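Novice: Let chain X serve as the given structure and place chain D on it in line with the hints.
Protein chains: 2
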Amino acid sequence: MSLLINPRDLQFILFELLQVESLCQSDRYAHCDKAMFVAILDTARRIAEAEFEPLAKICDEAEPRLEGGRTILPDDVAKAVNAYVDGGFLNASADLGDGGQQLPVVVSQACMGYFVAANPSLSVYPFVTNGVATVIGNHGGAAQKKLFAEPLRAGRWLGVMAISETQAGSSVGDLRTAAIPTEAEHYLMAGSKMWITGAAQDFTENIVHLVLARIAGTPAGTRGLSLFIVPKYRMPASGQPAVWNDVNVVGLNHKMGFRGISNTVLSLGDRNDCRGYLVGEPNNGLRYMFDLINEARIWVGTGAAALGYSGYLRSLVYAKERAQGRTAANRDPNTPQAPIIEHADVQRLLLTQKAYVEGGLCLALYCAWLVDQSKLAAAAGDADRQADLVLLLEILAPIVKSWPSEFCLEANKLAIQVLGGYGYTRDFPLERLYRDNRLNAIHEGTYGIQAIDLMGRKVSMAEGRGFQLLLSRMRETAGLAKKEPALAWRGSQLERYLERLAAVTRKISGPPGTPASEQTLANAVHYLDAFGHIVVGWLWLRQAMAADMALRGGAQPEDAGFYKGKLFACEFFYRRELPKVNHFLDLVEQAEATCFNMQKDFF
Amino acid sequence: MSLLINPRDLQFILFELLQVESLCQSDRYAHCDKAMFVAILDTARRIAEAEFEPLAKICDEAEPRLEGGRTILPDDVAKAVNAYVDGGFLNASADLGDGGQQLPVVVSQACMGYFVAANPSLSVYPFVTNGVATVIGNHGGAAQKKLFAEPLRAGRWLGVMAISETQAGSSVGDLRTAAIPTEAEHYLMAGSKMWITGAAQDFTENIVHLVLARIAGTPAGTRGLSLFIVPKYRMPASGQPAVWNDVNVVGLNHKMGFRGISNTVLSLGDRNDCRGYLVGEPNNGLRYMFDLINEARIWVGTGAAALGYSGYLRSLVYAKERAQGRTAANRDPNTPQAPIIEHADVQRLLLTQKAYVEGGLCLALYCAWLVDQSKLAAAAGDADRQADLVLLLEILAPIVKSWPSEFCLEANKLAIQVLGGYGYTRDFPLERLYRDNRLNAIHEGTYGIQAIDLMGRKVSMAEGRGFQLLLSRMRETAGLAKKEPALAWRGSQLERYLERLAAVTRKISGPPGTPASEQTLANAVHYLDAFGHIVVGWLWLRQAMAADMALRGGAQPEDAGFYKGKLFACEFFYRRELPKVNHFLDLVEQAEATCFNMQKDFF
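Chains X and D, in that order, give the protein sequences.
For the first sequence, the positions run 1 to 603 when our numbering is used.
For the second sequence, the positions run 604 to 1206 when our numbering is used.
One chain only, chain X, in its complex shape (with noise of 0.2 Å):
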């Protein structure tokens, strides 16, 4: 049995829920069939348990240090990388004409579930090197994507992504790094860069650094934001020997998770001899970064959602093999000790991970679906069906990055409940497993701003278009469960609260184009942990459906647990999860301003 994610849900939610098999009647996915997924993820689990998840705890114990100007890593990291690069998977949903695989975007993301599960530090070498590589073929000229894209599509460089400053961590248009003409093709790059994901590593002949800086005379603010790919070395001609760009890596931040990928503090031209390629037009940076910032809230939401079920599988396999105590019914202490999972507290313990892990697991690929089918949308010239599956998408972006950042943190703290004492012990992964997920609800976009991406901006963008188009997918999911005898009460329940999410949703819009008041944004996070909630639900609902049509039609008995697990975890959501969702809606609704009030010399 996997410990990382259960093989038997991700084709449940890849091919009896999504119908990813469907992708392959287009041209696009016509190169794919439903056994060459399969055998793909079947590929990736082997690599991420083989390669990736042996080298979890030495990753987490001896973090990335400098050591006379070279960077000491675990030995195997390089080894680990170059599996999953040999695999196919850095590319893996790149184009075939990129020497990618074109498999779709969902396929691609549920394999990355398994790598960060394993080892989420690893994980994010080949994910932002896809992204940098992506973002230059998007936006970079020709010879920028043959010099830059190209060695970073094969593996043999890594990409990195340079956006914080030490003053400009949220407040991204605080930037400062400046780009300073020259007469050369090239900008002088200089200023420091924080927070930076795996810039001191040499196990790769270069690094592509994806910076973010400001051309003098530029406007203040993000829309003076230009972007450039800044090498850690400048390749000349061949034959010729790489020059030192002067990118210095002038410190290591240490974390509490994701401890085996460094993370630098970086600063570029101490010497003033740092070259930056513009790429596409000035003042466009953050506009060509979000390509990336987009997949990577994706990412977030996969990874959260990863780390809590291995938590939640691992801890459920302690539960069954751990005995200890007895239950209410047999109290005669001659008897043998029951296994824990015996134990209703556990049973409940258990069934919460289950519900917020596959549930967030199961919005993270389902966002990755739709990606899969707005790139079918432009392939098919449909521009209205693109636009409104873009338009999904961005309402889903700060939804699948921050639902499974709380809740499967949340999981990853039960799951060390589940092993009592053993669970907060350095001998089981599960303490390392909630330290990694603490850093998810931060990165790339705290929970408090993706809420206010929400509120503030998503459910009125395009006059609201996105959030109506999301509540008629939930809505359509709701009319059928009430048709199913077996979940009409869902689906009459799921759709009060739709109306209700609707009606406080108009309630908290103000007239097109005004934005939402600073009072009512206050409560921007509970607007996210309903929303949230609700989307969850409805995932949660049509996942039970499916179970449902599979019992009826006859499922295998060894699969039969396997669907009533899923009937078991829908009603748990349902009776015990949605039922949260009126208090937040509440404070939402009547615009509660206690914390807005509060002073700050009242602290």
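The set of hints was computed from the structure by calculation and includes no laboratory data.
Note that the coordinates shown come from a computational prediction; the quantities given were computed from them, not determined experimentally.
Watch out, some of these pointers could steer you wrong.
[To be verified] Below, computed lysine-lysine pairings styled on PhoX-like, alpha-carbon distance capped at 20 Å:
1) X:K320 with D:K1203
2) X:K564 with X:K320
3) X:K600 with D:K1167
4) D:K1203 with X:K564
5) D:K923 with X:K600
6) D:K1183 with X:K580
Specialist: Below, chain D alone, put in the same frame as chain X:
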């Protein structure tokens, strides 16, 4: 400003809420006065800041390790513990006749708050030592008191509790360590003990282990457990060298938090030469140990609140200093960035923490104050009043252990969130506080076990008298609040929650003498969640009433902000936290059975 606990808040809880100075009217505390309490609190804070806090990061990073039979600890651990002992804190609340200071327990617990906030690992040594001395003092023979309790009380030796075994963690009745009677006064101990905190150190000349073990032939389960004193060294008549008592540290557990104190696997009697001295009567061991266990529950609650409190203060300081972004009212990127405390969502993160940590600390100190009240009742020979106070403490014990462990851990999570990326680096102590606090919902009885204790035993104990006593204290506060215009609404709100809690409690209680059903107990944690929130809500109302009175009485200007903060935190708790209780009580009332009915094969 202290970064451990706000001294102003401690004074508020002790003197304005609990009126601790009135204890000095009793004979027991006649030697004390308020000025003395204030001076002692200040001394505790200074020693905690000067001796404990500077070692916190060092202790976290340099875990105890065994080397050639010795335990390697960071330098200055012994110095810090000695400073605590020399300051008189080890026996702060012990009787004058036992060499203590005979201070109110509530004052010594408040002092303990500073020490745990400064360095939770170091605080364990004196806490457990005091507990071991108390148990020996209460139940040991005269020779045992002289031989063992005295050097413990003097801080020359340290004490250790040894209950758990590998196969018996939560299930104490399954302990197997054997005590074999001999012709002499001692037993020969044989067995191994797990999770034994503080047993590996050699900076004191001896360690006294209080060991639960089973004399051959006694009944299975908890009724067959006896208590033994097992010293690390046997101390013969003066002039003779100490003899090692065959207590073997065979391993160390490596934990995610509380890393500065050893957590050991002990083996007793590998050479068949481990002598244990029976305390009191055979088969009463667990009952004796409970003197220490109830005290430990208050200590865990105090500590969890203190760790949360320190995180809150540190995130508050950061939020006032760190400039990032601009408020919704000002989006001009040319203006300077605002301190993040001006963002409404950061105010929410801070006010949530304030409500949790000040509420949790107030709960813990209230319980400590009840211990003092019960001592005074005993001294006055008022057996009825003493019995009532003990019942109140019994029903509050699972709550004071659990509520701060859950919600002040959440506070630590939010403190990290305030700091963003800095929050998860090890440059700031926030991530360490979060790791430390994660242990509190597990050690000394898990959250689930406390919940079963509350629902399955404590509410129905003595025909529910403890519950009724607590309810009437809470009703009294609600009634008083209803007469105050500013707080009347909150009084009514509290009353409604109290009536609901009473009704649900009646419903789940079977006929007297019958245990709660397994299905009812399956929701015990939600009963604990709800009950804990109501109790903390009650104490928040008491805090608000005291603050309101002070403001109406014309508080000093520099104090007015403090009192207004109390009113805001109470408002926060009533508007945003207490409503969550309804959902939890719904689950309890319905005996919601999804988790209970889940089958292990469906996971």
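Novice: Give a verdict on every hint.
Specialist: Results for each hint:
With a C-alpha separation of about 8 Å, the suggested pairing of K320 of chain X with K1203 of chain D holds against the 20 Å cut-off. Only pairs whose Cα atoms come within 20 Å are accepted, and K564 of chain X paired with K320 of chain X is accepted, the gap being roughly 18 Å. Taken as a hint, the K600 of chain X and K1167 of chain D pair is honoured in the structure, with Cα atoms around 11 Å apart against an allowance of 20 Å. For a cut-off of 20 Å, the pair hint linking K1203 of chain D to K564 of chain X stands: about 11 Å separates their Cα positions.
Taking the CA atoms of K923 of chain D and K600 of chain X, the gap is near 8 Å; set against the 20 Å cutoff, the hint holds. Under the criterion of a C-alpha separation no larger than 20 Å, the hint pairing K1183 of chain D with K580 of chain X is consistent with the structure, at around 8 Å.
Going down the numbered hints, you'll see the structure goes against none, and every one checks out.
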